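Protein chains in written order, with the numbering used here: chain L, 1 to 207; chain Z, 1 to 74.
Derived by calculation from the structure, the hints in this document are not laboratory data.
Accuracy of the hints is not assured; some may be wrong.
Pulled a few chain Z residues facing chain L out of the computed Cβ check, cut under 7 Å [unchecked claim]:
| # | residue |
| --- | --- |
| 1 | A9 |
| 2 | G33 |
| 3 | Q36 |
| 4 | P43 |
| 5 | S46 |
| 6 | N64 |
| 7 | Y70 |
Bear in mind that the values here come from a model prediction, so they are computed numbers and not experimental data.
Even glycine gets a Cβ: it sits at the ideal position worked out from N, Cα and C.
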Amino acid sequence: MARMKFLCDAERCIECNGCVTACKQEHDVPWGVNRRRVVTINDGVPGERSISVACMHCSDAPCMAVCPVDCFYKSEEGVVLHDKDLCIGCGYCFYACPFGAPQFPQAGAFGVRGKMDKCTFCSGGPEPNNSAAEFKKYGRNRLAEGKLPACAEMCATKALLAGDGDVLADIYRERVTMRGKGAEVWGWGTAYGPPGAKPAAPAGAKS
Amino acid sequence: MIRTIATAAVGAVIAFGLAGCGERPQVIEYKQGKYQGKADTQPYDSATFKGDKAEWERVIKNRNQNQNEYKRTS
Chain L
1 MARMKFLCDA
11 ERCIECNGCV
21 TACKQEHDVP
31 WGVNRRRVVT
41 INDGVPGERS
51 ISVACMHCSD
61 APCMAVCPVD
71 CFYKSEEGVV
81 LHDKDLCIGC
91 GYCFYACPFG
101 APQFPQAGAF
111 GVRGKMDKCT
121 FCSGGPEPNN
131 SAAEFKKYGR
141 NRLAEGKLPA
151 CAEMCATKAL
161 LAGDGDVLAD
171 IYRERVTMRG
181 KGAEVWGWGT
191 AYGPPGAKPA
201 APAGAKS
Chain Z
1 MIRTIATAAV
11 GAVIAFGLAG
21 CGERPQVIEY
31 KQGKYQGKAD
41 TQPYDSATFK
51 GDKAEWERVI
61 KNRNQNQNEY
71 KRTS
């Protein structure tokens with residue numbers, strides 16, 4: 001099996017935040033921690049695009065490189081995971097990550113930064129698979145149940161894909177070939193017409 | 001006497017001026033750290049798959065194709 005990857009199709013994402021909600025619910029993520037979020041470029045402007053972002057499970061992960069206690073590891077499937085027992089919550093990984101994936105829950109009465117929490121590709125962490133300890137620290141381990149990440153499987157428009165990188169590339173290629181290219185096939189142009197087009201006058205309207 | 005002092009002074013100035021030339025490179029050589037935490041189990045070492053990697057890969061592959069609506073509708 002190749003490396004596990006996420007792929008978000010900006011032509012399809014409708015900014016419903018279903019992926020964010022699915023992730024929160026699936027892993028019982030604490031308030032203030034967002035393992036996944038939807039980012040919109042040119043919000044409110046015709047032609048805006050949204051994309052769902054979480055840990056991208058980098059091949060050469062900068063978080064792994066900067067961690068002073070070396071608590072990161074990469075699973076056989078290429079998923080970047082970390083050991084919360086070792087994490088000191090220093091926040092270096094947050095500065096290093098270009099996607100803002102590492103999150104820090106507030107721990108204690110004075111807003112002390114807790115141990116880092118991030119997307120696990122729904123594959124838990126270094127605890128026995130599907131154990132209570134694993135769920136408490138890292139969330140549910142769906143990969144060990146033969147399932148893919150909840151965010152992608154919940155995506156209504158299938159904008160967000162998750163799984164074997166080669167398979168995703170094939171799915172995406174087939175999709176783009178079938179639909180053509182650009183917004184005229186799927187997206188803003190289809191719904192509202194090309195940019196600059198005059199809105200159609202309603203029937204019977206006075207000019 | 002004056003000549004000796006002058007020579008010594010010039011020598012000292014030259015030595016001081018060239019002192020910077022002996023600077024060593026200050027770029028740190030980066031070495032990748034090694035994971036220090038607990039070992040993790042494989043996803044197929046679960047109650048569902050009982051260590052059967054081939055079966056796990058087959059299930060994940062099928063699940064992957066569920067995201068392809070062109071296959072689902074045909």
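Checked against the structure, which of the hints given earlier come out wrong? 1
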